[in-house]
Amino acid sequence: MSTQQRRSRKQYSPELKLKLVKMAMKAIDEGNSVAALARQYDVNDNLLFKWVRLWQREGQVSRPRRKYRKTSSPALLPVQLTTTMSDLPSVVTSAGSRDIVCHARLRQGDITLHNPSAELMRLVLREMMSGELR
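Residue numbers (the working numbering): 1392 to 1525.
If you are wondering where the hints come from, they were derived from the structure by calculation, not from laboratory data. A hint or two may mislead.
Below, computed lysine-lysine pairings styled on BS3-like, alpha-carbon distance capped at 27 Å [stated by the list, open to error]:
no.	residue 1	residue 2
1	K1401	K1417
2	K1410	K1441
3	K1401	K1441
4	K1413	K1441
5	K1441	K1417
6	K1441	K1408
7	K1401	K1413
Using the sequences and the hints given, assemble the complete structure.
So, in structure tokens, the structure goes:
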């Protein structure tokens, strides 16, 4: 199938999504069919239900697509620096030099990395900034 023959995905404006979500919620309250509302606007009913769930959970009707998300400025991650590491044991490597320790306290638990590579730190920070549990 060539690129020209392939059907492109429909795109809906956030305004239309919000309008349909509000209409769907009203239809649910009144006992009317949400699927009929979706058909009236040529929207797949499962997609409309997805927008309703997203609105109820997060107060928004769409999210940027993760794969193509680009930001013009870097996202900031809150960091707290402490002067004492009294609750963490001092670690000395076999070469006698002090170990570089990165300790993060998260909602799900704590994580301590010893001598993390730059690649590992990038991965950890990217996952922490995504804010999603996997």
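Do the hints match the structure? See the list:
no.	hint	verdict
1	K1401 with K1417	holds (25 Å)
2	K1410 with K1441	holds (14 Å)
3	K1401 with K1441	holds (15 Å)
4	K1413 with K1441	holds (13 Å)
5	K1441 with K1417	holds (16 Å)
6	K1441 with K1408	holds (11 Å)
7	K1401 with K1413	holds (20 Å)
In summary, the structure agrees with every hint in the numbered list given earlier.
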